[in-house]
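Colleague: In case you want the letters, here they are:
2 protein chains.
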Amino acid sequence: MIHAADIKPIEHRVSLAEREARSGHAGGVLWLTGLSGAGKSTLAFALEETLFRDGFQIAVLDGDNMRHGLNDDLGFAHADRTENIRRVGHVAALLAMLGYICVSAFISPYRADREKARQAVMRDLPPGRFHEVYVRADLATCEMRDPKGLYRKARAGQIKRFTAVDDVYEAPERPSLVIDTTKESVARSLATLTRFVTSRFAAGLGEKEPG
Amino acid sequence: MIHAADIKPIEHRVSLAEREARSGHAGGVLWLTGLSGAGKSTLAFALEETLFRDGFQIAVLDGDNMRHGLNDDLGFAHADRTENIRRVGHVAALLAMLGYICVSAFISPYRADREKARQAVMRDLPPGRFHEVYVRADLATCEMRDPKGLYRKARAGQIKRFTAVDDVYEAPERPSLVIDTTKESVARSLATLTRFVTSRFAAGLGEKEPG
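Note that the protein sequences, when read in sequence, are chains A and B.
In this text, residue positions in the first sequence follow the working numbering: the first is -4, and each later residue adds one.
In this text, residue positions in the second sequence follow the working numbering: the first is -4, and each later residue adds one.
Because the hints were derived from the structure by calculation, they are not lab data.
Heads up, a few of these hints could be off.
Identical copies look the same in the list; a pair holds intra-copy or inter-copy alike.
Stated by the list, open to error - Under the rule of at most 20 Å between Cα atoms (straight-line distance), these lysine to any residue pairs were calculated in the SDA-like manner:
#1 Lys111 with Leu69
#2 Lys155 with Pro142
#3 Lys111 with His63
#4 Lys155 with Glu110
#5 Lys111 with Thr187
All values reported here derive from a predicted model rather than from experimental measurement.
With these hints in hand, go ahead and build the complete structure from the sequences.
Modeller: Structure, rendered in structure tokens:
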């Protein structure tokens, strides 16, 4: 068999700096984590729309969408969730290297998996390009919202190992940002996120700064 | 367990048309296939550089690079090669949906795998966005070039199941384009590819057509 040692990466001739200059901002990853129903996808898609209209190159990777494509071979057992997040981390890094702001919106319940995603990004990009955002809402609130009816199914025993019902959610220890959607409206949460992204990814690029 | 039926894709609020208008050209996939040493990566990276400088949004997915990231869990057995190409097809589709021209450069020896990659792109995008390009060179030429020393190892029995040595290469039956690198120089092959991409992805976008 061919071994990994036989395979050497080839350097791209278009640098990250050139990609970022064209985007008008830095590439990087905004990693949203939180319970099902906390508002990750809602905020991610709203942020994508807002910042795209402001001239940003931004793309959402979303648990629901990814599982219909790249990750449609994976289930929800611990190993599958870990592999799900491993792959998303690498795709996010790839988008960041193209000068995109990649907003990933996954429950990503396990700390170790999120750490590996961070490392996948940090391996390929300069420091400061991966930001963990804790989209926080208490379980009662998420269960009341239950936008996909999944909590109801989990309580009825029709779904096993559902995060925060009968599987663990390991909250971030040092997130870059906390958005509390129990207390804050979508509009206000979105404004906070927009300011955060602008300050982290658009600052320092001078006159190329969008919007 | 959660089932796939519980997971519904969420519609992105930024359309493909908007992404493409910003790129100034259509999004799509140029799928290069051919033997190791045929020149896929050389042409892909040269094309990326040329068209990026001309204002295109273009990105290469390359076998060597992908295997150090997303696909670093895969070997080279038949099932692993199939999974490698399956994942690349989905990532290529994702980039195309962002209005990128994705140039994938993989041996991708099996016809059925390439067909699945095509389907992954066709599922998400309008017709005419996936083009198979056969980068053709005879085995003797590839073996003489042997840029990574892999043919030598394969002949010495140090690598098993190497494409065209002791594993099959299923040539495209109806490729959109054939580049014969045994007969044509890199410069000429690159010119052919550049014209092809421009005619397929930049035509019809009128004054938004890049440089």
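Colleague: Let me make sure I understand: some of the numbered hints might not hold for this structure. Which ones are they, in numerical order?
Modeller: Violated hints (numbers, rising): 4, 5; every other hint is consistent with the structure.
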